[in-house]
Amino acid sequence: MSTTALDAPAPVGFAERIWRINWGLALVLTAIAGVGVLALYSAAGGRFEPWAARHAVRYGSAFVLMLVVALVHPKVWLALAWPIYIVSLALLVAVDVIGKIGMGAQRWLVIGPMQIQPSEIAKVAVILVLARYYHGLRKEQAAQFLYTLPPLMMILVVVGLVMVQPDLGTAMMVLMAGGALLFVAGVRIWMFLVAGVGAVACLPIAWSLMHEYQRKRVLTFLDPDRDPLGAGYHITQSKIAIGSGGLFGKGFLKGTQSSLNFLPEKQTDFIFTTFVEEWGMVGAFVLLALFTLVLVWGFSIAFRSQHHFGRLLALGVTAMMFLYVFINSAMVMGLLPVVGVPLPLVSNGGTAMVSVMFACGLLIGVNVYRDAQLPRTR
Amino acid sequence: MKPFRKGDGERSGLFTRRALLLAGVQGILLSALAGRLYQLQILDTQRFATLAEENRINLRLLPPSRGLIFDRTGQSLAVNRNNFRAMATSDRGRGADVLVERLDQILNLGETERGRLLRELRRSRNAQPVVVRENLGWEDVARLEFNAPDLPGVFIDLGQSRDYPEGELMSHIVGYTGRVADEDLAGRDDPVLQLATIRFGKKGVERSLEDDLRGRAGAVQVEVNAVGRVVRELDRTEGQPGSNALLTIDLDLQRFAAEKMKQHQSGSVVVLDVITGDVLVMASTPGFDPSTFARGITHSEWRDLLDNPERPLHNKAIAGVYPPGSTYKMVTALAALESKAIDPYTRLPCVGHLELGSIKFHCWLKGGHGSTNVTEAIAASCDCFFYEAARRAGVDRISDMAIRLGFGRQSELGLPGESAGNQPTRAWKQEKVGKPWQHGDTFNLGIGQGYMTSTPLQLAIMTARLANGGYEVQPNLLLAKATPREELGPPPPVSKPTAPSLRLNPQHLALIRDGMNQVVNSGLGTANALRSRDPALAFAGKTGTAQVKRITERERDMGITQDQLPWHLRHHALFVCFGPVDNPRYACAVIVEHGQAGGKTAGPIGRDVLIETMKRDPSRRSDRFRKMASR
Chain Z
1 MSTTALDAPA PVGFAERIWR INWGLALVLT AIAGVGVLAL YSAAGGRFEP
51 WAARHAVRYG SAFVLMLVVA LVHPKVWLAL AWPIYIVSLA LLVAVDVIGK
101 IGMGAQRWLV IGPMQIQPSE IAKVAVILVL ARYYHGLRKE QAAQFLYTLP
151 PLMMILVVVG LVMVQPDLGT AMMVLMAGGA LLFVAGVRIW MFLVAGVGAV
201 ACLPIAWSLM HEYQRKRVLT FLDPDRDPLG AGYHITQSKI AIGSGGLFGK
251 GFLKGTQSSL NFLPEKQTDF IFTTFVEEWG MVGAFVLLAL FTLVLVWGFS
301 IAFRSQHHFG RLLALGVTAM MFLYVFINSA MVMGLLPVVG VPLPLVSNGG
351 TAMVSVMFAC GLLIGVNVYR DAQLPRTR
Chain Y
1001 MKPFRKGDGE RSGLFTRRAL LLAGVQGILL SALAGRLYQL QILDTQRFAT
1051 LAEENRINLR LLPPSRGLIF DRTGQSLAVN RNNFRAMATS DRGRGADVLV
1101 ERLDQILNLG ETERGRLLRE LRRSRNAQPV VVRENLGWED VARLEFNAPD
1151 LPGVFIDLGQ SRDYPEGELM SHIVGYTGRV ADEDLAGRDD PVLQLATIRF
1201 GKKGVERSLE DDLRGRAGAV QVEVNAVGRV VRELDRTEGQ PGSNALLTID
1251 LDLQRFAAEK MKQHQSGSVV VLDVITGDVL VMASTPGFDP STFARGITHS
1301 EWRDLLDNPE RPLHNKAIAG VYPPGSTYKM VTALAALESK AIDPYTRLPC
1351 VGHLELGSIK FHCWLKGGHG STNVTEAIAA SCDCFFYEAA RRAGVDRISD
1401 MAIRLGFGRQ SELGLPGESA GNQPTRAWKQ EKVGKPWQHG DTFNLGIGQG
1451 YMTSTPLQLA IMTARLANGG YEVQPNLLLA KATPREELGP PPPVSKPTAP
1501 SLRLNPQHLA LIRDGMNQVV NSGLGTANAL RSRDPALAFA GKTGTAQVKR
1551 ITERERDMGI TQDQLPWHLR HHALFVCFGP VDNPRYACAV IVEHGQAGGK
1601 TAGPIGRDVL IETMKRDPSR RSDRFRKMAS R
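Top line first, the protein sequences correspond to chains Z and Y.
Just so you know, we're using this note's numbering here: the first sequence kicks off at 1 and counts up by one.
Just so you know, we're using this note's numbering here: the second sequence kicks off at 1001 and counts up by one.
Hints are computed from structural coordinates only; laboratory data are not their basis.
Accuracy of the hints is not assured; some may be wrong.
[Unchecked claim] Which residues of chain Y face chain Z? A partial, calculated answer using Cβ under 7 Å: (1) E1010; (2) F1015; (3) Q1041; (4) T1045; (5) F1048; (6) A1049; (7) E1054; (8) R1060; (9) V1079; (10) N1080; (11) R1533; (12) L1537; (13) K1549.
[To be verified] From chain Z, some residues computed to sit far from chain Y (all C-beta separations above 10 Å): (14) L27; (15) R58; (16) K239.
Glycine included, every Cβ here is placed at the ideal spot set by N, Cα and C.
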């Protein structure tokens, strides 16, 4: 850290702010979205309709949103953290209630012409509110058990509301992203150990609360050959597609598993498989490398932030990004049970794209305002 | 320094350490992903590539077209007709319920068909299509095509189904085909039998020539999508159509014989070539309509056929068993002659009955025949002569001779359902009846009654072997077979028997034939009224009247005639004959069930059919063969 930043923070002009935007990171994100367009073009059998073209347009507008978010001063987010969190809780409750009435799993709300998925907003809201909370604590306080209870509540309320939708994938993501934030904020290691032991002890209870189809997914994950034509079908076909791709893949538009529809959900949750079948291990490594670049950028932005809010925000966004990528690709490779987690910027679907790009906007914003002086809130 | 900055250094340090730890964990997990990719895409790629190909490529068998069946003059007996059928592939067993539900709405499948379809869809392996319905009309085809988007995996297939232009007339010989049953698969591992559309011979020649008629399956490699729809064809191997078959049957003669049988309720006519054993006529009335089986018989139709007392499903020529009655007397005579129990000059008396202990054995002629030799006894059909001849020869020699002449065992005809009849022996009676053989049994056997039964075909075989000079001819239905239609034609005529000789004394055979000649052509004969006016068409024969029910002494005293009995208790009428008398070529056997008297009912049919056969002379005149109109 340079001394100039500490002593006399010179006012930073608008041009300088623009300059501080991580254009390299934006380029990497665009490359990832490009892979998405490519894969969706192929999944539609070599056509831009119905997915690839819309994906590109959607990315374009989300990119603008990201730049706008990046240029908003962190103090605004600091002030809006709680309102956003409260609103997202309200939306989650609303969607649960409507879901109950509609007799079935419902994950979105229709507001005017828009379909919004409150759980996507909740992911970002939890990161914001946790970052704001720990921004206001001293190191000693953060380490204390009593001070750990409120953030735990903030996480668990959201997790609980998402669970009842039911949306196991998102619930796990919120739990783990929240846990990561608590960890870097300085919560004692022993508390994590106790939580871990407690979680294992609670597994039977969780099992009894799970829906039939969720249990089936877990069992299928443990042994995909149990029912190769039924519940294990997705995992088996996905593994066949990835494996048959080999080192260099079958070639663009030549994937048989996806074009002949053996692969289910090929444009959403299994888009990684669609891409890898045609581009092989080389393609898979390139895509994972692009995501790794995003993560590295995220960490470096977190390290360079001179305020705790920024650090935690950047790390939260990075952790969320990692969880998206890891859960999705581990799922399609048969390393994790099938849970509905899309591959960010590649899978077809609007809400996830907006929430990911919004989060990236927050991340870049941390870099743009890395030397901002924020009041210690309580 | 602002107060909020206080302690931030410490927080930042802790954050950095823990964030680095977190980054490390993420790095490890990402490496795990890379490792998994290496495992799937490098180590196991071969296996997964194979699995992907198996997904994508489907080997579909092309059903061969079934061989056609013609009579010896080249007229069609079984042909193939185009048939639009609805097929369905299961979406790997999934969605079958919905699919069947929708098909039911469109085609009105009904309860049983729905059940069958569901079962077959769930059982179908490698997405092999199953048949939804055969012989679709244009309307159904149009409706299915219109609803195609709602019916994934359903398609229309142009196949072939069997048609029998001669219908009932040839129903017993040609038979019919049906779906492959489990027992049909025994000993056959032809993959084509796994096809849902393949039909398997169930009865008649369709069954006996099944392995010739079926042909070899071709195969086509197609790329399919996940619901089994064909995307494109990758490779094709043509199969081989089944052999076409030329039968020995002469359709015109068959029709002639059936026409003659029409005046009677139920019966059978068989005509054999005595040299080759070719079956020229094999009629059994009544018959059935094989097209009901081709389109799928209903339960009530099936019950009606089974419950009919005239047994239309039965091929009486090979499956009907009757006491041969007097037509068996040649066997007794030959056995007695060959065993030297009698000689050509032996004369035996007849006073109208013969007594054995307290039992009276009657001759059919009340006053008796007086003294007769063997030829006269055959001509007049004297029962007493054959009681005594049988007593002298004994059951063992008679049975032995009968078996040599074709009784008591299945012939080599090959049609399914052929009965062996029953040639009783001492051992047989001991085993089946549990009593030792009695003299009375020998008497009864001597005139073809008692435990003795035979099929019309066996009677024709016996007559043929007597007529051809004692050669063991076997009946035969297949004249020629060939896969290309233009190679199909009758073989050159044969004039000498190729079958092994039975080593019978020619003199004895001549005596028997002379007796049969006198039956028809002498004033003594029981069938003198049937004689041919044209010497070139002269023939010999033997009448027979077989008791269905024993005539009691009371009935005999009351003088009850056959007309007064209910139909099913009346005697069977039999007639066997051969001609031309001096150079025999054709043998004929006729049975009219409950026809009362051989000479009166069976005889005229035998004469008309045999004379018509001699006129047409199908065995020596292959010029009547017409090239089948090629399609």
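Worksheet item: Quick check: which numbered hints come out false for this structure?
Response: 7, 8, 9, 10, 11, 12, 13, 16
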